[in-house]
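Novice: Below are the chains, spelled out letter by letter.
Number of protein chains: 4
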Amino acid sequence: MHFIDLNCDLGESYGSYKIGNDKEVLKHISSANIACGYHAGDHNVMMETVYLAKKHNVKIGAHPGFPDIPGFGRREMNLSPKEIYNLVLYQIGALAAITQVQGVKLVHVKPHGALYNMASASRSIAEAIAQAVTDFDSRLILFGLSGSELIQAGKAKGLVTADEVFVDRTYQPNGTLTSRSEQNSMIHDRKFAVNRMIRMVKEGKVTAADGTDIKIKADTICVHGDEPAALDLILALKDAFTKEEILIRKCWSE
Amino acid sequence: MHFIDLNCDLGESYGSYKIGNDKEVLKHISSANIACGYHAGDHNVMMETVYLAKKHNVKIGAHPGFPDIPGFGRREMNLSPKEIYNLVLYQIGALAAITQVQGVKLVHVKPHGALYNMASASRSIAEAIAQAVTDFDSRLILFGLSGSELIQAGKAKGLVTADEVFVDRTYQPNGTLTSRSEQNSMIHDRKFAVNRMIRMVKEGKVTAADGTDIKIKADTICVHGDEPAALDLILALKDAFTKEEILIRKCWSE
Amino acid sequence: MHFIDLNCDLGESYGSYKIGNDKEVLKHISSANIACGYHAGDHNVMMETVYLAKKHNVKIGAHPGFPDIPGFGRREMNLSPKEIYNLVLYQIGALAAITQVQGVKLVHVKPHGALYNMASASRSIAEAIAQAVTDFDSRLILFGLSGSELIQAGKAKGLVTADEVFVDRTYQPNGTLTSRSEQNSMIHDRKFAVNRMIRMVKEGKVTAADGTDIKIKADTICVHGDEPAALDLILALKDAFTKEEILIRKCWSE
Amino acid sequence: MHFIDLNCDLGESYGSYKIGNDKEVLKHISSANIACGYHAGDHNVMMETVYLAKKHNVKIGAHPGFPDIPGFGRREMNLSPKEIYNLVLYQIGALAAITQVQGVKLVHVKPHGALYNMASASRSIAEAIAQAVTDFDSRLILFGLSGSELIQAGKAKGLVTADEVFVDRTYQPNGTLTSRSEQNSMIHDRKFAVNRMIRMVKEGKVTAADGTDIKIKADTICVHGDEPAALDLILALKDAFTKEEILIRKCWSE
Numbered sequence: 646m647h648f649i650d651l652n653c654d655l656g657e658s659y660g661s662y663k664i665g666n667d668k669e670v671l672k673h674i675s676s677a678n679i680a681c682g683y684h685a686g687d688h689n690v691m692m693e694t695v696y697l698a699k700k701h702n703v704k705i706g707a708h709p710g711f712p713d714i715p716g717f718g719r720r721e722m723n724l725s726p727k728e729i730y731n732l733v734l735y736q737i738g739a740l741a742a743i744t745q746v747q748g749v750k751l752v753h754v755k756p757h758g759a760l761y762n763m764a765s766a767s768r769s770i771a772e773a774i775a776q777a778v779t780d781f782d783s784r785l786i787l788f789g790l791s792g793s794e795l796i797q798a799g800k801a802k803g804l805v806t807a808d809e810v811f812v813d814r815t816y817q818p819n820g821t822l823t824s825r826s827e828q829n830s831m832i833h834d835r836k837f838a839v840n841r842m843i844r845m846v847k848e849g850k851v852t853a854a855d856g857t858d859i860k861i862k863a864d865t866i867c868v869h870g871d872e873p874a875a876l877d878l879i880l881a882l883k884d885a886f887t888k889e890e891i892l893i894r895k896c897w898s899e
Numbered sequence: 646m647h648f649i650d651l652n653c654d655l656g657e658s659y660g661s662y663k664i665g666n667d668k669e670v671l672k673h674i675s676s677a678n679i680a681c682g683y684h685a686g687d688h689n690v691m692m693e694t695v696y697l698a699k700k701h702n703v704k705i706g707a708h709p710g711f712p713d714i715p716g717f718g719r720r721e722m723n724l725s726p727k728e729i730y731n732l733v734l735y736q737i738g739a740l741a742a743i744t745q746v747q748g749v750k751l752v753h754v755k756p757h758g759a760l761y762n763m764a765s766a767s768r769s770i771a772e773a774i775a776q777a778v779t780d781f782d783s784r785l786i787l788f789g790l791s792g793s794e795l796i797q798a799g800k801a802k803g804l805v806t807a808d809e810v811f812v813d814r815t816y817q818p819n820g821t822l823t824s825r826s827e828q829n830s831m832i833h834d835r836k837f838a839v840n841r842m843i844r845m846v847k848e849g850k851v852t853a854a855d856g857t858d859i860k861i862k863a864d865t866i867c868v869h870g871d872e873p874a875a876l877d878l879i880l881a882l883k884d885a886f887t888k889e890e891i892l893i894r895k896c897w898s899e
Numbered sequence: 646m647h648f649i650d651l652n653c654d655l656g657e658s659y660g661s662y663k664i665g666n667d668k669e670v671l672k673h674i675s676s677a678n679i680a681c682g683y684h685a686g687d688h689n690v691m692m693e694t695v696y697l698a699k700k701h702n703v704k705i706g707a708h709p710g711f712p713d714i715p716g717f718g719r720r721e722m723n724l725s726p727k728e729i730y731n732l733v734l735y736q737i738g739a740l741a742a743i744t745q746v747q748g749v750k751l752v753h754v755k756p757h758g759a760l761y762n763m764a765s766a767s768r769s770i771a772e773a774i775a776q777a778v779t780d781f782d783s784r785l786i787l788f789g790l791s792g793s794e795l796i797q798a799g800k801a802k803g804l805v806t807a808d809e810v811f812v813d814r815t816y817q818p819n820g821t822l823t824s825r826s827e828q829n830s831m832i833h834d835r836k837f838a839v840n841r842m843i844r845m846v847k848e849g850k851v852t853a854a855d856g857t858d859i860k861i862k863a864d865t866i867c868v869h870g871d872e873p874a875a876l877d878l879i880l881a882l883k884d885a886f887t888k889e890e891i892l893i894r895k896c897w898s899e
Numbered sequence: 646m647h648f649i650d651l652n653c654d655l656g657e658s659y660g661s662y663k664i665g666n667d668k669e670v671l672k673h674i675s676s677a678n679i680a681c682g683y684h685a686g687d688h689n690v691m692m693e694t695v696y697l698a699k700k701h702n703v704k705i706g707a708h709p710g711f712p713d714i715p716g717f718g719r720r721e722m723n724l725s726p727k728e729i730y731n732l733v734l735y736q737i738g739a740l741a742a743i744t745q746v747q748g749v750k751l752v753h754v755k756p757h758g759a760l761y762n763m764a765s766a767s768r769s770i771a772e773a774i775a776q777a778v779t780d781f782d783s784r785l786i787l788f789g790l791s792g793s794e795l796i797q798a799g800k801a802k803g804l805v806t807a808d809e810v811f812v813d814r815t816y817q818p819n820g821t822l823t824s825r826s827e828q829n830s831m832i833h834d835r836k837f838a839v840n841r842m843i844r845m846v847k848e849g850k851v852t853a854a855d856g857t858d859i860k861i862k863a864d865t866i867c868v869h870g871d872e873p874a875a876l877d878l879i880l881a882l883k884d885a886f887t888k889e890e891i892l893i894r895k896c897w898s899e
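Protein chains in written order, with the numbering used here: chain A, 646 to 899; chain B, 646 to 899; chain C, 646 to 899; chain D, 646 to 899.
Since the hints were made in silico from the structure, they are not lab data.
Keep in mind that the hints are not guaranteed to be accurate.
Note that identical chains are pooled: a pair holds if it fits in a single copy or bridges any two copies.
Straight-line alpha carbon distances no greater than 25 Å define the calculated PhoX-like cross-link-like pairs of lysine-lysine that follow [as the list claims (entries may be wrong)]: (1) Lys699 <-> Lys727; (2) Lys699 <-> Lys883; (3) Lys700 <-> Lys727; (4) Lys802 <-> Lys727; (5) Lys750 <-> Lys836; (6) Lys668 <-> Lys727; (7) Lys663 <-> Lys727.
For reference, chain A alone in the conformation it holds in the complex (with noise of 0.2 Å):
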């Protein structure tokens, strides 16, 4: 028996602004990553989607991104390292709150887009988040691309760790991720997409883009909510898991 966890962003809902489909992605996956309120969500959406996830027994993670509603946290921003502290900090504070009144526990924190992915290669940056999280509990699984920066940095401040993987990005050889820019960046085919996670989880392999096999460490796969084929994706994979004796569920000890 295989374990894997599978996570999605979610309460990304804003004001009037809806997006996501949380209510059915909440049925299939095992964490999630609750905006607070910087890049999305507000403190009335991130108490339906604490309320949500709880209804449906997911573990509940702080999605902490960069202050910016309008670029929904994807556009970098330049921040000390002090200040990235200070944000993330507040952010897992303030969602902590909402999960402490409904009695239900803050289980992991994962950061949101231009965050992620400057923190997936700069130390420093990884650093500064990582230390939030220890500070506040060191007891918070720190969620981060599968072998970058930010995982390194949460387990030299002796956090449990989950390393991510995504389903439709491909990977250079030395495991990052290949950039968005690039032709060869996305996967479309769903079969191929799903197969190449049942080998992540059962081998610890992926192909990369090159050709070549390079190892990888996946604890937790990534699906995105806000996609309209979201929903299909995590069927497909839900029933190819099944097939593999691969069980959706979070894959670390606490």
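Start from chain A and add chains B, C and D according to the hints.
Specialist: The following block gives chains B, C and D in isolation, referenced to the frame of chain A:
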């Protein structure tokens, strides 16, 4: 010996915009109400203000407000009690994370500006705030206008409350503040203001705007930190209080 | 032959948040009220929406609102007439720059949401808006609730005005809309709604909520573009109007 | 007789947050760059600042920046040239409406902060800005770093441009500003700074950071209004310029 708490709104700077005189004011007050990023303040300012308050051994409180930086939280917003519960909780949680990593206690909550005023008069808003405080941490002290709906809602939830009085505002016979639109709402004579405070603390009485004496409970005095004369007023109060054997410190049992 | 303008609020998307069905709606209406970045929309959305409106030969109007993206401009803000003058002017100017570079005319101004409602009832707010429109360009048409303070203020400034009626709302005997908090405020029967519109256009009359007939001036009909059924309603109106020899186009002389 | 324009960023207050010393500075400068609500300023501040500039007969320019109040427009944002075109146009339009109702002319455009810096080095960003200015009103003067990509892009579009120099920054041999991260980037000796300005204006030369003399075109000098010493520096410049028969006024033909 009499005791009185002296509180001030602090941490109201925002990004490149600086406001107030926090470093000086913190030397003289006993409680700091720290803005939480909704009407003023941001994650950096909050971190720095908690650090300064801790250094001066000043009690720290959350100062949640309406989400309205350009209006400084002074514009009424017609929000549901549910949304007010959510936004108060969000802001308390964000500040609590910051006090926690600095190893200092969050002691009280005082709503800001238009939220404070609306909570003084509306029981449903008062209850939403009191409920958020109770659910997050029932040991927090709730600050509100002396004798107001907010104080009563806090007591009904079993919270310790602090009745707040204002140095520079006149009172109506029913104990409410004279509206700022009235000519006689403000007190500009410092000596008169200070003596009035001494009477409130020692006798629990104040002369209302119509000349009649009314009862008033004074647990904490609000001084405004963003006004240039704030420091002078604070020093005048301290001086007078020392002569009258009134000690500036919290006057409630936690 | 009768003429009636059909207007719709468009360009309400914001950053990554998409709202409405602008491309389809623009095929059928005669006037587009374009959000100006304060309550919805942004510089990119505005540029795109003006392009689309121009392509479909739909008249373009500015749709200024309160500065409140999370509340979608639907929350009342207690601002001074002077500030309302300023914020309306700012938003008209921003959109006018965008129409200008696309070589298309800015035709009208219609305030949004809470600002529209407040301007219907408050003469000072109505005057602030009418003055901003007049000072910027006195040839602009001012849209407002039929017979409201806004229409009267516009006329007093010498503006051409367009009396607006609503398909799906009931009227009080005094010509105001029945408050949404009342049970009978909305009309859900489409056939009834359409027939009522025909009578408004042809006879200038409507049956109020109490069953009495009242006079009503209908220059332009508002349909809501962000509701899923908007398109169906528009098509039903068009169909009925064609049979009744009512032509959808502006009915004022510029 | 020599002529030089003296410009300052003004109108940078925001809601309750006050910044700068606009009333004093306006007595001494010839061009005001007015913030347009994206990185600083708001509709009220813009209206008031235009009023003050008009009163002191100071030329008015739009000062568009990135949409980032908390970062004061000083944080780089990786936006497409198309989006930069849109946001510059929006801001110019908003300010133009405000100058128009006050019966005063909009004379120039100068991008702010990170947008200014990026436009100095990136031709595509420079072109987007120059195009927005040209499309809105080709008689507007485009301010940019002396000899930069922005100046060149403006000239290529046929705009009148103003080469801007800085009193307190050192230059590299290639004419760019020494990065603020370098030790010798700032000039703290006022007398030295003033004399350097005189030489720039009269001889079109400056000694670069490596000691070599380079050619530099100086049409307008930037002084920073939000620094406490700004007024002193302006007065020192005026005094020295008077002795040297350099007149502070615009030096381009419209």
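Novice: Each hint should be assessed against the structure and marked as holding or not.
Specialist: So, going through the hints one by one against the coordinates:
1. In this assembly of identical chains, Lys699 and Lys727 lie within 25 Å of each other by CA distance solely across copies; the values are 19 Å between and 33 Å within a copy.
2. For the homomeric pair Lys699 and Lys883, the shortest alpha-carbon distance inside one copy (21 Å) is at most 25 Å, but the shortest distance between copies (47 Å) is not.
3. For a Cα distance limit of 25 Å, the shortest separation of Lys700 from Lys727 across copies, 20 Å, qualifies, whereas the shortest one inside one copy, 36 Å, does not.
4. Proximity of Lys802 to Lys727 under the C-alpha cut-off of 25 Å is restricted to the intra-copy arrangement: shortest distance 17 Å within a copy versus 39 Å between copies.
5. When the C-alpha separation of Lys750 and Lys836 is checked against a cutoff of 25 Å, the pair qualifies neither within a copy, at 35 Å, nor between copies, at 52 Å.
6. Taking the shortest alpha-carbon separations for Lys668 and Lys727, only the inter-copy value of 21 Å comes in at or below 25 Å, while the best intra-copy value is 36 Å.
7. For the identical chains of this complex, Lys663 and Lys727 are inter-copy neighbours only, at 19 Å across copies versus 32 Å inside a copy, given an alpha-carbon limit of 25 Å.
Of the hints listed earlier, the one the structure fails to meet is number 5.
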